[in-house]
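Protein sequence lines, in the order shown, are assigned to chains A and B.
The opening residue of the first sequence carries number -11 in this note's numbering; numbering runs sequentially from there.
The opening residue of the second sequence carries number 280 in this note's numbering; numbering runs sequentially from there.
Just so you know, these hints were derived from the structure itself, not from any lab.
Check each hint, because a few of them may be wrong.
Which residues of chain B face chain A? A few of them, derived with a C-beta cut under 8 Å, are [to be verified]: (1) T321; (2) Y322; (3) M329; (4) P330; (5) L400; (6) V408; (7) V422; (8) L431; (9) L437; (10) R501; (11) I508; (12) I510; (13) Y556.
Here chain B is said to cover these stretches of chain A; the calculated rule only asks that three of the stretch's residues, wherever they fall, bring their Cβ under 8 Å from a Cβ of chain B [stated by the list, open to error]: (14) 32 to 42; (15) 51 to 62; (16) 80 to 94; (17) 128 to 135; (18) 262 to 274.
Keep in mind it's a predicted model, so treat the numbers as computed, not measured.
Just so it is clear, CB atoms sit at the ideal spot from N, CA and C, and this is done for glycine as well.
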Amino acid sequence: MDKGKTIRYSKSDRVFTYLNRVFLTFILIIVGYPLIYIISASFSSTEAVMSGKVWFLPVEPTLLGYEAVFNNSSIIKGYANSFYYTVLGTAINVMMTILGAYPLARKNFYGKNLFMGIFTFTMLFSGGLIPSYLLVRNLGLIDTRWAMVIPNAMGVWNVIIARTFLATTIPEDFYEAGELDGCSDIGFIWKITIPLSGPIIAVLTLFYAVGHWNSYFQALIYLKDAKLFPLQIILRNILIQNEVSGEMMRDISEMQRRQGIAELLKYSLIVVASIPVLVIYPFVQKYFVKGVMIGGLKG
Amino acid sequence: MESGRSHAQEDAQIKIRYGRNSAIRKMLRHWQLYFVILLPLTYIIIFQYMPMYGVQIAFKDYMVTKGFSGSPWVGFKHFQIFMESYQFQRLVTNTIGISFYSLVAGFPIPIILALSLNSSLNARFKKTVQMITYAPHFISMVVMVSIIMQLLAPRAGLVNNIMGLFGMDQVNFMGNARYFKSIYVWSGIWQSMGYASIIYIAALSGINQSLYEAAIVDGATRLQRILHIDIPGIMPTATIMLILSMGQIMNVGFEKIYLMQNPMNMSASDVIATYVYRLGLLGAQYSFSAAVGLFNSVINLILLVSVNQFARKYSEASLW
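One chain only, chain B, in its complex shape (with noise of 0.2 Å):
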């Protein structure tokens, strides 16, 4: 190829002027892969970058004719209305209620979950059950939560008419706050905990076999090595699941609660990303909820950082 002695020729009068091992020299010479990776940098700058600088304008009364730096500067104000205001405590207990709830049912169950798949010694029965745990991951959230209020319906809902079987009274589910909570989490293990199990079964393939042959010989029982093999086996990955789910106990699923919201759950239902999403979409307040999407975001940056700072010190797994 003509290029060839090009590169070469080029290569040559690059090490003449800038020396054998300068950064500029190794740059110069792959120049073309910042040219490549120039599109996608463009993207992070304009979509992930420009909003942060956007940020500012919580820290200010956003006017739309004079932009993002125009704006006068009005410093904590808006933070300090959100934390004043008679909601501030609702949405941060619902927030971070709603989560520790998910956490704490879900985190578990996939790990179960793949334990007792692991453990099945009929390959066509462990498939059946991982092809139908799967699926439910792939409908989307529009389809699940109309799957969830079809289901609770108070008159010809399954459940309900399950219960009428009993001989128990209709509820109202989703017309009822107190119920609210455990719909949504429970809903949401039943979507994911197939898809979430796959990340501790990969782990659990990849266990050396000789541990459990030598189990074996030793005269372990299943369970014996379920909880002397497996368990330690997964715990790095369940570690690293768990910082990461940690990281995002302030990011409640918006799409999920948005859609089973209504007036009769709002006092459960209403989280800090719902309410940024009425006031500054629909209400168009931007500063005032800017400021409030940033109070979630910081906090939730502080949690990761620290939940990971501890499993560095406490263990062998960690993000950093």
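Next up, chain A with everything else stripped away, as it sits in the complex (with noise of 0.2 Å):
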């Protein structure tokens, strides 16, 4: 040991360091190993899956379950639903956050508190999913694709986010000039906050679209027309109710086969679904980091 050049550090350090790396070790395996787990599975052979012989890399290689996948019609319409639902939801989501937030940011908003007051009490209290499933049959949204989208057109907590943002990065000081020069309220929205928003409208957005894109609940209690599912609905019922139609299994007869197929359908189905999110996973991942870090702000 070069003695001065390095930090030296003292036994129970080094035992430390040790320590933890085997903890960290430990949880990736955890966590990595069922994913790649999966994957593998999904490429694997039926045979193979079935007397378990698949542990790490894919044995007997085949593209059965993905071509299982892409010819099912139920599938290919989930996700363009689901596609439609995100795109859409999300858009409204965003705007009506923003519109929500920027007031709520504002110095000169006279009775902010009270209206602060108004959109946080229903974080702690709701009427509960009767009033709101009865609620919404009322308004004639059931059956349509305004019942994915309008009942969640904006989340409370999102808005606090998205305040909290607003209220530390653009100044009073901005607003008050431009009231000098003649900006009105509304004005400030495009001049001002849209252009001083991009982090937050990014958060916003994967939020929100993570949100739509992997929801359930809405559309099992709004929705009963099959060409209205999204892609998660599609999925649980194949996936958790075993519901697999003729289609999939067209050219093949035996019943053994026929059960070995569903099974390998289902890693594949699982890979197919989760795709879009864990694509731009790593691109994006700053930008979650980033909402929970403002939403953990006391604003």
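Join the two chains, each given in its own frame, into one complex according to the hints.
Now the structure itself:
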């Protein structure tokens, strides 16, 4: 050891560093291994999966499972529906959230606390499932595409995150300067707020979009028409309730192989359903982290 | 701009009419802000406050033809029926049992993970662990539950395959009520521990660096630095998170439990939320299930308020 050049750690520190590394490696394996297993199983042959030969890498690689997934018209339709709900729903969400957050972030908004109170109380108490369902039904939204985007048009927690961001990043001086130049309070939204809130709009878009893509509960209670079903409902029917339609099994007659393909299809379907989110995940991870941190600031 | 002048004129007029500092003057001057918040406010009133008004059906015999206000009052009838029903005890026990188990097992783990990541010296390794552990958070509930079912399947499931290597017998995990709570809780921890640790990592990065320097000068070991600097440093965050999760005790995740439920594990998996869904939406017993739901929300609110009150008294952090 070259003394003086490197920092010398005491023995207990070295033991600690070692144990810490072991712990993190353990966590990494616990979380990562099942993910790898599922991906490998989805590319392996039915026999290999059923007889437990798949451990780490795909065994007897095949794309049969994926073929079955992409030959299924209801999965494709579900994909299209989910895409539609995600895009439309997120656009509505972001607009509503900014409209809610902007006045609440302004110092000159008289009665701000009252509005804040009205908003935040809904996070503590709600009417519950049944009254909400009856309301949506009375509004005639059941079994329409609107049922997927209107009842959840805005999240109060996200309004609070956005408000905190706006209040801390855009100084009131900007608005005062704008006012002298004759800009109205509504004009500020376009001219000051939106150009300066790129990061928070990114965070909101991601939070809302992932929420829409992954949600199934709203569709479960508000939609009866199979044409409108989002992907998650189709997934639930196939993956959890084992409703494998004949269409997927077209040219396989043998009972046992049918069972096998049904199992293989599940692994492929899990992968296909998660792809949109997992593909963008590495690029957007930092925005999610940012969103959580802004949420952590007490506004 | 033309509006600049009219703005000033308007202002002068308002000043003359309402005096210098009255509330009305302040409101009129920025009337546009009220216009902007109109749409979000309308949404909140319709989709959040209307259901609160509609919750009165819990005290009525709701009839579709008569609507919320026209149906006859029956007082606490539905609450009484619920509390006297043979399912009451099972539902409450399961609901509280599952949440309490989640809280006790799930609360410390993200903190430990954050402390461990924060103490990791290798930046690239740390990034990798963060990246992988955050990922399951983005998996949808439907996919998550099917992953659980695939991995725990009695035949050809990964867990049973591994157990087979050690000569253990196959176990039908999903078909046995005994395992339900543990599967629910530990799969939840698997999915959310990484993401839940972000907030603590943020709190740790906010700790004043000079504290560490002073501690190193004083000869504190790494473990001592965690115990005496890191842990006190994240206590306020941890307290807030604990209050928030205590306020969610009665709100067990309906989505996941409903998906994991099957006739064989019903005795451990039936909770208030799934009961409300089954009776209310599938069985159309609106008033009764609204009463059960209200019972749940009220207990939740009481819990949240009292835990917060307690935290205000005995610690520095609280929600309000």
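Checklist entry - Against the structure shown, which of the earlier numbered hints fail to hold, in ascending order? => result 1, 8, 11, 12, 15 and 17
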